[in-house]
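Q: Generate the whole structure from the sequences, applying the supplied hints.
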Amino acid sequence: MIANADAAPRLESGLFGGRLPSEYLQTRLFDPGRVDGADIVLSVVHGSFFVSPFVAAGLIWWKRRSLFRQYALATAITFAFGLVGFVLLPTAPPWLSDPDDVTRITHHVLRDTAGVSLGGDDGGTVAREGFWFEPNHLAAVLLVLRSFGRGALAVGAVYAMAMSYSVVYLGEHFVIDAVLGWVVALAGWGIVPRWIAKRRSSMARTRTGMNRHHEGSVTSLFQKARASPTVPSRAASSPDP
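Residues 1 to 241 (our numbering) are what the sequence shown spells out, left to right.
Worth double-checking, as some hints may not be accurate.
Said to hold, decoys possible - DEER-style ranges, computed between Cβ atoms:
hint, residue 1, residue 2, range
1, Val155, Ala38, 11 to 21 Å
2, Lys63, Ala7, 19 to 29 Å
3, Ile191, Val87, 18 to 28 Å
4, Trp62, Ala154, 16 to 26 Å
5, Ala7, Trp62, 34 to 44 Å
6, Ala72, Gly17, 33 to 43 Å
7, Leu15, Arg65, 37 to 47 Å
If you are wondering where the hints come from, they were derived from the structure by calculation, not from laboratory data.
Glycine included, each C-beta is placed from N, C-alpha and C at the ideal position.
A: Right, dumping it as structure tokens:
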């Protein structure tokens with residue numbers, strides 16, 4: 001661990017005039033006494049993080065199998081970066097770092113709609129997150145949907161923006177989580193295509209070199225065969241009796 005868990009809330013408060021964006025949004029839009037439709041929709045969007053990478057993978061495998069390797073590698077890289085961030089740059093989520101001003105709205109939604117408690121509002125649950133979050137896979141989904149046309153890209157963009165907004169409004173992540181998550185994801189998606197292209201180019205050069213070597217060997221053998229003196233057969237060289 002190289003960063004204090006309170007670094008993110010301090011940095012975010014400093015960037016936004018001493019107030020967390022989660023607190024600002026909840027003060028204006030959230031009613032603790034009543035869960036409305038927007039709270040439920042945004043909670044569903046946030047929860048979809050746990051299934052959307054697999055849905056995207058299945059869709060790519062079905063429709064654009066040539067992109068599957070790129071998707072898998074890029075997703076693996078971004079999640080690996082996220083794991084490093086989780087270990088080295090941990091932070092408490094807004095609802096835990098500032099419990100007097102930020103509410104974990106998903107707790108209210110699940111309690112009021114399904115009778116389920118997350119047990120986090122009273123500080124009974126210890127949470128730790130990294131400086132990265134859902135954009136690790138959102139950028140992957142968005143960039144892959146680009147290959148399905150403008151309509152799919154527009155849907156992906158709306159979903160990505162809704163996810164980024166929901167995690168801040170719900171008190172699950174900081175704005176800097178979202179920004180750094182996008183940076184990490186886009187970096188991963190910038191690395192993979194270049195790596196694949198470089199590897200393919202290297203393999204193509206190797207195959208070309210092998211083909212040239214093979215052709216040179218065959219040509220050399222052919223030339224040696226032509227240059228060798230013809231040995232007369234015994235039947236042709238033996239005198240008649």
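Q: It remains to establish, for every hint, whether it holds in the given structure.
A: Tested hints:
About 20 Å separates the C-beta atoms of Val155 and Ala38, a value consistent with the hinted range of 11 to 21 Å. Checked against the given bound of 19 to 29 Å, the beta carbons of Lys63 and Ala7, roughly 42 Å apart, lie outside it. Under the hint 18 to 28 Å, the C-beta atoms of Ile191 and Val87, about 21 Å apart, fit the expected range. Between Trp62 and Ala154 the beta carbons are some 21 Å apart, a value that agrees with the proposed interval 16 to 26 Å.
With their beta carbons about 43 Å apart, Ala7 and Trp62 fall inside the hinted range of 34 to 44 Å. At about 42 Å, the beta-carbon gap between Ala72 and Gly17 stays in the expected band of 33 to 43 Å. A hinted range of 37 to 47 Å holds for the C-beta pair Leu15 and Arg65, which are about 43 Å apart.
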